[in-house]
Every structure is written in C-alpha cells, then in structure tokens.
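**Q** In case you want the letters, here they are:
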Amino acid sequence: MSSLHGFTRDSVVALSAALAEPDWLLAKRLEAFTAFEQTPYPDTRSDEDWRRCDLRRIDFDALADIATPNGATASAVTAADDAVGTATFVDGTLVGSRLNAELAAQGVVLTSLHQALPSHGELIRTHFMTHCVQPGEGKFTLLHAAFFNQGLFCYVPRGVQVDGALLAQVELGGGSLLHHSLIIVDDGARLSLVEEYRSAADVTGLSVPITEIIAGRDAQVVYAGVQEWGPKVYEVGVKRVLAGPGAQVSLCTGNLGGKLSKEFIGAALAGSGSSVDLLGISFPAAGQHLDQTTVQDHRVANCHSNLRFLGAVGDKGRSVFRGVISVHPEAQQTDAYQKNENLLLGDKARADSMPVLEILADDVKCSHGASLSHLDNEIVFYLMSRGLPRGEAQRMMVAGFFEPVIEQVPVESVRARLQHAVAQRIDNLAASHGGLL
Amino acid sequence: MSEFVRVATLSDVPPGTMKGVWVEDEAVALYNLDGEILATGDICSHAHAHLTDGTLCGCEVECPLHGARFDIRSGRQLTMPAVVPIPRYEVRVEGNDILVLVD
Amino acid sequence: MARPVNAETDQHDELRALRGDYAEKYGFHDDRVNVFETKRGLTEDIVREISAIKDEPAWMLEKRLEGLRHFLATPMPNWGGDLTGINFDEITYYVKASAQAETAWEDVPDDIKRTFDRLGVPEAERSALLGGVGAQYDSEVVYHSLKAQWEEQGVLFLSPEEAVQNHPDLVQEHFGKIIPYADNKFAALNTAVWSGGSFIYVPPGVHVDIPLQAYFRINTANAGQFERTLIIADEGSFVHYVEGCTAPIYSKDSLHSAVVEIVVKRGARVRYSTIQNWSNNVYNLVTKRAVAYADATMEWVDANLGSKLTMKYPAVVMLEPGAHGEVLSIAFAGAGQHQDAGSKMVHAAPNTTSRIISKSISKDGGRSTYRGLCKVYPGCTGVKANVVCDALLLDDKARSDTYPYMEVEEKQVDIGHEASVSRVGEEQLFYLMSRGLDEDAAIGMIVNGFIEPIVKELPMEYAVEMNRLIELQMEGSVG
Numbered sequence: 009m010s011s012l013h014g015f016t017r018d019s020v021v022a023l024s025a026a027l028a029e030p031d032w033l034l035a036k037r038l039e040a041f042t043a044f045e046q047t048p049y050p051d052t053r054s055d056e057d058w059r060r061c062d063l064r065r066i067d068f069d070a071l072a073d074i075a076t077p078n079g080a081t082a083s084a085v086t087a088a089d090d091a092v093g094t095a096t097f098v099d100g101t102l103v104g105s106r107l108n109a110e111l112a113a114q115g116v117v118l119t120s121l122h123q124a125l126p127s128h129g130e131l132i133r134t135h136f137m138t139h140c141v142q143p144g145e146g147k148f149t150l151l152h153a154a155f156f157n158q159g160l161f162c163y164v165p166r167g168v169q170v171d172g173a174l175l176a177q178v179e180l181g182g183g184s185l186l187h188h189s190l191i192i193v194d195d196g197a198r199l200s201l202v203e204e205y206r207s208a209a210d211v212t213g214l215s216v217p218i219t220e221i222i223a224g225r226d227a228q229v230v231y232a233g234v235q236e237w238g239p240k241v242y243e244v245g246v247k248r249v250l251a252g253p254g255a256q257v258s259l260c261t262g263n264l265g266g267k268l269s270k271e272f273i274g275a276a277l278a279g280s281g282s283s284v285d286l287l288g289i290s291f292p293a294a295g296q297h298l299d300q301t302t303v304q305d306h307r308v309a310n311c312h313s314n315l316r317f318l319g320a321v322g323d324k325g326r327s328v329f330r331g332v333i334s335v336h337p338e339a340q341q342t343d344a345y346q347k348n349e350n351l352l353l354g355d356k357a358r359a360d361s362m363p364v365l366e367i368l369a370d371d372v373k374c375s376h377g378a379s380l381s382h383l384d385n386e387i388v389f390y391l392m393s394r395g396l397p398r399g400e401a402q403r404m405m406v407a408g409f410f411e412p413v414i415e416q417v418p419v420e421s422v423r424a425r426l427q428h429a430v431a432q433r434i435d436n437l438a439a440s441h442g443g444l445l
Numbered sequence: 125m126s127e128f129v130r131v132a133t134l135s136d137v138p139p140g141t142m143k144g145v146w147v148e149d150e151a152v153a154l155y156n157l158d159g160e161i162l163a164t165g166d167i168c169s170h171a172h173a174h175l176t177d178g179t180l181c182g183c184e185v186e187c188p189l190h191g192a193r194f195d196i197r198s199g200r201q202l203t204m205p206a207v208v209p210i211p212r213y214e215v216r217v218e219g220n221d222i223l224v225l226v227d
Numbered sequence: 002m003a004r005p006v007n008a009e010t011d012q013h014d015e016l017r018a019l020r021g022d023y024a025e026k027y028g029f030h031d032d033r034v035n036v037f038e039t040k041r042g043l044t045e046d047i048v049r050e051i052s053a054i055k056d057e058p059a060w061m062l063e064k065r066l067e068g069l070r071h072f073l074a075t076p077m078p079n080w081g082g083d084l085t086g087i088n089f090d091e092i093t094y095y096v097k098a099s100a101q102a103e104t105a106w107e108d109v110p111d112d113i114k115r116t117f118d119r120l121g122v123p124e125a126e127r128s129a130l131l132g133g134v135g136a137q138y139d140s141e142v143v144y145h146s147l148k149a150q151w152e153e154q155g156v157l158f159l160s161p162e163e164a165v166q167n168h169p170d171l172v173q174e175h176f177g178k179i180i181p182y183a184d185n186k187f188a189a190l191n192t193a194v195w196s197g198g199s200f201i202y203v204p205p206g207v208h209v210d211i212p213l214q215a216y217f218r219i220n221t222a223n224a225g226q227f228e229r230t231l232i233i234a235d236e237g238s239f240v241h242y243v244e245g246c247t248a249p250i251y252s253k254d255s256l257h258s259a260v261v262e263i264v265v266k267r268g269a270r271v272r273y274s275t276i277q278n279w280s281n282n283v284y285n286l287v288t289k290r291a292v293a294y295a296d297a298t299m300e301w302v303d304a305n306l307g308s309k310l311t312m313k314y315p316a317v318v319m320l321e322p323g324a325h326g327e328v329l330s331i332a333f334a335g336a337g338q339h340q341d342a343g344s345k346m347v348h349a350a351p352n353t354t355s356r357i358i359s360k361s362i363s364k365d366g367g368r369s370t371y372r373g374l375c376k377v378y379p380g381c382t383g384v385k386a387n388v389v390c391d392a393l394l395l396d397d398k399a400r401s402d403t404y405p406y407m408e409v410e411e412k413q414v415d416i417g418h419e420a421s422v423s424r425v426g427e428e429q430l431f432y433l434m435s436r437g438l439d440e441d442a443a444i445g446m447i448v449n450g451f452i453e454p455i456v457k458e459l460p461m462e463y464a465v466e467m468n469r470l471i472e473l474q475m476e477g478s479v480g
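Protein chains in written order, with the working numbering: chain A, 9 to 445; chain B, 125 to 227; chain C, 2 to 480.
Everything labelled a hint here was simulated from the structure, so no lab data went into it.
Here are the simulated lysine-lysine pairs, DSS-like style, with alpha carbons at most 25 Å apart:
1. C:K178 x C:K64
2. A:K347 x A:K373
3. C:K309 x C:K186
4. A:K356 x A:K240
5. A:K373 x C:K398
6. C:K385 x A:K356
7. C:K186 x C:K64
8. A:K347 x C:K385
9. C:K40 x C:K64
10. C:K398 x C:K309
11. C:K385 x A:K324
12. A:K324 x A:K356
The task is simple: from the sequences and hints, build the whole structure.
**A** Next comes the structure, spelled out in structure tokens:
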C-alpha cells in the first residue's frame, strides 16, 4: 500500500493534500502536531491512567506508516444484509457504501468525513474534535488530530427515525490507522449504528481510533463498536458520547482482539434529563492486554447513567478496567451505577479492577460493584448432572456470562459474530487445558 | 516459545550494569555480575515498575518505586514490600551474543 | 440505634455544653519550656544529634542516615491529598519534653501532668477497664505503667528507645523490615528522625486481655511527631493496642508522620485501634503495615476525625495459609479537612481471607476519600476478599471519592467490592422529625446509626468518646 512514513510535519501536510482538505482542517492538524511533538508518551510510572499499561514495548516509529488513499479494496467484507446501510473502510479509505434510498431521501448521511466536507462542512467544523473529544486531551488524541485518516461521517437530521441499523466496517492492512467516526444524531432523531474493526492475523499495526457521538435533544442512539484486531495490532482509542438534554444513548463496546488495546470510553451527560448506558465485554487470552478506562461524566443535574462491563480472562491474558463516576457540583439528582464483573478462566490470567467514584454533589444516588471470580463449579456440576458434557457446560456458562451485553448489540449478524468469537476463545482455552476448571 | 532468543550483545551490558529488553510480551532484565550474564523478569513483583530503572548493587537489584530488592541470581525477593519472587531466565552467551530462554 | 430518643436529646444538650470547652479540652497549648529541641529544618547533623541524644548504637544511626538520604532523594507523592502546604524547613524534628522516661505518675513534671489531667488520661488509667498507658507528650514517652501480671508473663510494653537499648536483637530483627525506609518518602523521613512510639512484644500463647493504650500529643508549634511503633505478637498470642490522638490548635501547619510495623506470628491475633483527632492544621501522613503468618489474624480499627489532611492506608500482608486481615474504618471530613484513608489487603498465600468495611461522612466542604487495594498473587488459590464502602454526604459542599484497586492474578478466588454514596435520606429525616427531634438531632442520630457497625467494635470507653467526637464534628456547622 502507499503510505507516508513517520509522524512528521511533512506527513501531516502530505496527508492533508492527498485528502484534498480545506485550509481550516490542515491548520487544525498542524496545531495538533505542534502540541504532539511537545508532549511525551504517557509514562507508566507517573500517569495513573497508564500505570497498568506499559507502552515501552511499542516501537511507535516502526509503526508510523500512515495509510493514504491507494485504491485498495476490502479483502473480506462480511455479509451484513440485515443492515439498512453500510460503509466499508480499508486502510483509511472509504471503499464502498450503500444506504437505504428512503433514508437518503430524508437527509441521512453515511459516508466518509472527507466526502461529506463539501455538503456538511459547517456541521463537521462545528463538531469534529471540538466539544466531544478535544485534541489536547493527551498524546494520542493529539496524534489522532494530526494524522487522522478518511473516517466515517454519519448524520441523522432532526426528527428522522432510522429503523434498522447502519453498519460501518473498518479494516487495517498494516501500519498506522487513525480512523475517526463522527456520528451526529440531531434533535429528536433516532439511530442504531455498529462499527466493526478487524485485521488479518499476520498484520502488524497501530490503531488510534476516535469515535465521537453527538446526541441532540431527545435523540435516541444505540451504538456498538466491536474490535477484533489480529494478534499483532496495538491500539489506543477513544469512544465518547456527548448527550444533550433528554437524549437516551446506549454505547456498547466489544474488546476482543489486539496485542495491547487501551480504550477510553466515556459518556458526557451534558444535557439535563439525559440517560446513558455504557456496556462492554472483553476477553483477553494468550498474552493479550485489554485495558478499558471509562468515565460517566455527570456535568448537569437530573441525569442517569448505568455501566456494565463484563470481562473474562484466559491463559496469560490481562484485563484492566478502570471506571470513574464523576459527579460535578451542579449535577444534583444524579443517578449513576457501575458494575464490573470478571471471570478468571486461565492460568497466569490477571484482572485488575478499579471502579472509582468522585462525587462533588450531595443529592445523588451513586454506587458501584465489582467482582472477580471463577466459574461456579456447582453450576457446572449441576449442568453435567443434567447430561451436558463438561466442556459444553462451561461453554454455556461463559456464553451466558456475556449474553446480557451481547444481546444489546443492534445488528443480528454482528451479535452472531460476537457470540462466535466468544465461543472460539472458550474452545481454544478448553483445548489447551482439557477443561476450564 | 521454548527456544533461546538473541536479545543483546555483551557490549550492551558492561560489568556491573543492567539492561531491559523485550522477549515477545515479557520484559526481561539482563545483568552483568562480574562478567557473568544473568536474566530475570524486569517488572517488580510488587507494583508495576521496570527494575532496570532502579539500581543494581552487587547481586541485588532495587526497584525505583518502593525500594523492593531482589536477588538477581535466584529472583528471590529480599525485602518488603515485595512478597513474591520475580521469574529467573536461563541465559546463553554465544560469541558476543546474549540469548535468553523465556517460556 | 440502641439508645432511646429521649436519651439522645439529653446527650445532645450535654454535647452542646461540651462544645463550649472544646478548645480548652482538646485545643489548648501549654506554655511549657521544652527541655531540648533541635533547630528547624532537616540536615544530617540534626539526625546525628537525635541519635546521639538517645545514645543509640551505630546500627540505628546508620538506619537513620539511610532513611535521610532516601527522604532527600525522593519526590513528594503526586497522588492523594494536597501536600503543598508542608514546608520541611519549617519543622522542628525533635522535641524532648522531659529528661527521661518516667516510671511513676508522681515523677512526671507537673505541667505535663496537668496536660494529661485535662485530657483525662489518669482517670482512664485508673479505670478498672484499662491496662497500661504509654502516654506520649511531644516526642518522648514520659509515662508508662503496666500491670504486674503481664510483666511476669514476659510482655514487653516499652518506648522504642528503651527497646533499642535493652532488646537490641528483637529490634534489629524487625525494625524497618515490614516498612523499609525506601517504601515511601514519609517512611524514610520517619526512619531518619523517629522518636517515641511504642514497642510491644507478646510471648507465645500469652493473651493480653485488657487493651494496651497510648495517647499522643503534638504540643510545640511546628513540631513534627515521628513516632515509631513495633508490635510483635508471638505464636498463639493476642493483644489489642489502642492509640488515641488529640492536638492543640495552632496557626502554623504541623506534620505527624508515624510508622507502625506489626508482626503477627502463627495463630496469633492483633487488633490495633486508632481514634485520630488531630487539630485541623495537622498533616497526618502515616504508614501502617502488618504481616500475618499462618492462621494469624490482624485487625485494624481506624477512625479518622481530625487533621487537615490524613493519608493512611493500614495494610495486612498475608504471608501464609489461613491468615486473615480485617479493616474497619471510619472517616469524618468537616470544613477544610481531607480524609484520604483506606486499606491494603495483600494476599500472598493460599486460603487467606480479608474484609474491609469503610464508612465515611463529609460535610461543610470536607472531602473524604476511600483508597484501597486488594491484591492476590499467582497461586494463591482459595482467597476470599470483600470490601464494602459507604459514604454519607451531609451537604452540597461536601465531596466523596472512592478509589478501590483490585489486582488479581489467580483464578480460584472470590473477590467482591461494593460502594455507595448517598445523602441523608429525606424520608428517614422526616420520620425522625415527626417523632419530635429537631433536624440537628435527627441527622446526628442517622450518622450514629451509619457508623454504629464499626463503633461497636471499639472498647466501651472509646466507643463513648468516639460518639462524642463525631457529634462535636456535627456541631461544628449545624449550630
């Protein structure tokens, strides 16, 4: 593939030119690049967010081949006949899309950021890395703002109801991919959207994705992002929803692939009466480090948030969950809950769980729970006594553990792929042990 | 992966010094104890820190974070707050190359 | 709530009266001239001087100097509370209040005796409920009494200075082994300048069935207090140590930085109870850690009411199978206070169990933080650990944080954590007020009910004191 080598100023200018960007976007990239150069990579020793995520093993320079439009096509676009619209990205380029004609006629947009610039430039300028995720938040948001590829743009105009779900598929063929997704659901509109990220097993790469979801007044959004990177991909990503007044949002993440993946997943409850569910599953095994940092950021009064993250950890897998419920002084009548459940399945498995409360208002109802345990032998024996083979009983229990989150994913075919991925991991584990117990 | 992997050369680890390397997912610390090359895990068993960022004093390495000490010959913990050992790895020197076995 | 409502209001009136003389009772400053104090600021000379005054052997001086070197080389912690108000150059590191450790109450200087009279120590000591009282006035132990039968049983309850002189083998075996100087900046500081504290040794099989007690005070303005406590409970023994703190109110900030090391050998049980009520200008930065061997039990009962900032996380390191760790913690943060407290449970052996119960209350802009760790090392199967944290917010300026850390490297375990933050329930309040209580009394009653599960674990006279202190804290803003 054609690419630009190195996280350099020249690469920024060349990438912007290749994507035929307007001046304001190049200026935004360059501003971010300047700050990027002045910011060190996060240090495991001094930065609490990174204390359990050792970046030293990553050779960022070696991975700094930034994908540019190159005429590549999707090697394996998965069937998704049950989606009402799809967009497929390969190495940072939109290679195909379709959208139900009725939706298109109502003004719904499902395309790349760059293709949408001529028609929706002002909307993009208003919302792209301005108030949901900001470039200056850290080293990797700066990296992203300087080198982002041709990402997804999805817009649902005021009051428009999207029945069925849209699907975006993102594939990485190697090097660095900085996929951006800007999803804007206007006042009173409704959208379900799933993003799937994947790469072939032999691909070495770096993924620094950011998904911004802007939910307007009384908007209803169901979003699921699932990553099944190959085993040689490193990832640092952000997924965040900015919820307006009365908005109802469900944000679900599936974190399955990659060598090392750290995702910052957040809900900014910025409009009174908004409600956000954060759901997540992760299943690290065989030397994977999957790390999820969540924030339920209650900025205004009368909001509700609910988090449920489920993690199973296989042999030599490492899972880290750090979740914060943050309640600002103005955010009275906050109702927030957080639950992190971990199932330790393999030898040398390690799970860290840090559910955090930071409460600066008093009229609140905030609580959290966390558990770390193993498969309940009694239930396995019960199932075996009802005639199920041991392996089948265990597989059923692990699948059942994840089901409350998987069933929330809006696209049937994606749910099936997730269930399959989980089942495969259980089988691998069982094969290497002769059983999970 | 049960084979020796080339990780450094002798000139990378002069006597009395140590050096951190990666073998796949494992952070490995190499030490030169009076000409003998030794290897242990590089991450302190107490909290996450690279021992090679700390200090080497004879056959003891001290963690930079909370001062836990380990015997580099056995990996055994010598002081609180460490309460479990760090892994010890087999080393082979071939010519000028240092090879480590991490299983 | 055990008490009937009318008794509650009676006590409330009594507390209002008590509050009038709070400053006198807990915040007075005795204009006594100190027999000896070092210059302000910390240098190697000061450390050598402290060691020389105590006539220490060379090995202890060497430990102090190692501590000093590490202290000077270590940056301030960048987490927890705001430590920017500490100026190490403004602190007097050693203050000796009287020439030697006293053995009889009659020999204690009159002005110091007055101080303790006002704190009520002798009364407590005379009480049939109490055992030995090691009273620490500034940096030196001035008063010790120990019931004769324990001495016969071989129980040692001394100042650490006496232990260094008379039991050097025991001290050398354990001092700085559980909390080495390099553990953190403040452990290093304590190692360099420690003075006073307690040394307790309980021989195998001996049960000390009456709590051993010590009161600590900081009296001189800017005098740091760096007591060092070492408790060794030999196999199958039991001891309950109680530590209470009050301090005078001063305009300049004070620093209290203690190190407490406890060894709980096979089958032994140690309970260490603290009621921390430093005045609101004190930085209370304490390292407390116990190691528990096979089938041993370590219990920390930790109540933090006073100080400007407390950072304290009593730890239990379970080194052998069957060890059990327990922490019961109460924190009350009022105006200008930050209580950053919690616990660490380190499971380094199979079949070890632990439990943490934490209750915190914040009001008037006070901030209470629970910060805790539950760690399970590989191979430690059968570990069971449970953490429950509840926080109560009494007004809209208060703040509460919960930072639990769980690190688990073994699959055959059961680890659970729950926490909740809420404010005083309107319904509860409405109900109590409908029964004739005014709002203050009703809130006080709810708070008492909230902390009751922990207060009931304290010796009776401490439970009474604890309830009074909590209600005094409540009075602080309601009135």
